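Start from the sequences and build out the full structure, keeping to the hints where you can.
In case you want the letters, here they are:
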Amino acid sequence: NAGVTQTPKFQVLKTGQSMTLQCAQDMNHEYMSWYRQDPGMGLRLIHYSVGAGITDQGEVPNGYNVSRSTTEDFPLRLLSAAPSQTSVYFCASSKQGARIDTQYFGPGTRLTVL
Amino acid sequence: AQKITQTQPGMFVQEKEAVTLDCTYDTSDQSYGLFWYKQPSSGEMIFLIYQGSYDEQNATEGRYSLNFQKARKSANLVISASQLGDSAMYFCAMREKGQGAQKLVFGQGTRLTINP
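Line by line, the protein sequences give chains S and D. Residue numbers for the first sequence, in the working numbering: 15 to 128. Residue numbers for the second sequence, in the working numbering: 881 to 996.
Hints in this document: simulated from the structure, not taken from any laboratory. Remember, it's a predicted structure, so these values are computed and weren't measured experimentally.
In silico DSS-like pairs for lysine-lysine, Cα to Cα no more than 25 Å straight-line: (1) D/Lys983 - S/Lys109; (2) D/Lys953 - D/Lys983; (3) D/Lys983 - D/Lys950; (4) D/Lys983 - S/Lys23; (5) S/Lys109 - D/Lys883; (6) D/Lys983 - D/Lys883; (7) D/Lys883 - D/Lys950; (8) D/Lys953 - D/Lys883.
And the structure:
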């Protein structure tokens with residue numbers, strides 16, 4: 015049971031490049047989310063999903079796309095990277111209907127956009 | 881809109897002392913959940929403790945307890961008998977019921993340093 019995994023751990027992009035951050039969970043959780051954490055700040059929600067085929071926007075969705083074709087995977091796409099997207103990205107998952115619906119976080123991806 | 885405020889950017893505590901990390905929140909919903917997470921220097925987010933708005937007892941998990949004062953809209957984390965390994969960033973977070981755990985709002989965090 016690996017929990018929530020994210021790849022890559024580190025990535026450097028040039029402005030305008032696109033890429034996909036991968037997230038997978040093996041806990042059969044219905045809910046998955048993407049957050050970004052800027053230096054000295056808390057996490058902010060980018061996009062989330064309540065199940066396969068269902069996604070919605072969070073607080074800071076601009077410049078990012080998501081899809082959820084399976085329960086396990088929730089990739090985050092940067093369409094045209096900008097320096098303002100330099101951040102640490104966390105993927106999280108949680109179980110629907112749990113008494114304490116704690117989110118379990120992946121280890122994070124540190125992204126630098128030059 | 882939901883908002884979490886952590887007013888202590890940094891705290892310095894002697895080992896074995898108790899420490900209280902402050903968290904106040906703002907919500908118009910009657911049903912919500914409050915979470916505390918620890919983020920060590922390695923960067924991962926570790927869940928510590930949860931308090932539901934209708935829970936009558938303050939939550940406790942080992943050395944962690946949550947001092948929940950609903951009327952004041954505060955949810956302070958208390959760490960008893962602090963250890964060097966408690967040095968980390970601590971985040972308070974909230975989600976409103978009905979939103980599901982996938983929509984958490986975080987505070988800016990408090991950096992806790994335990995001195996030997």
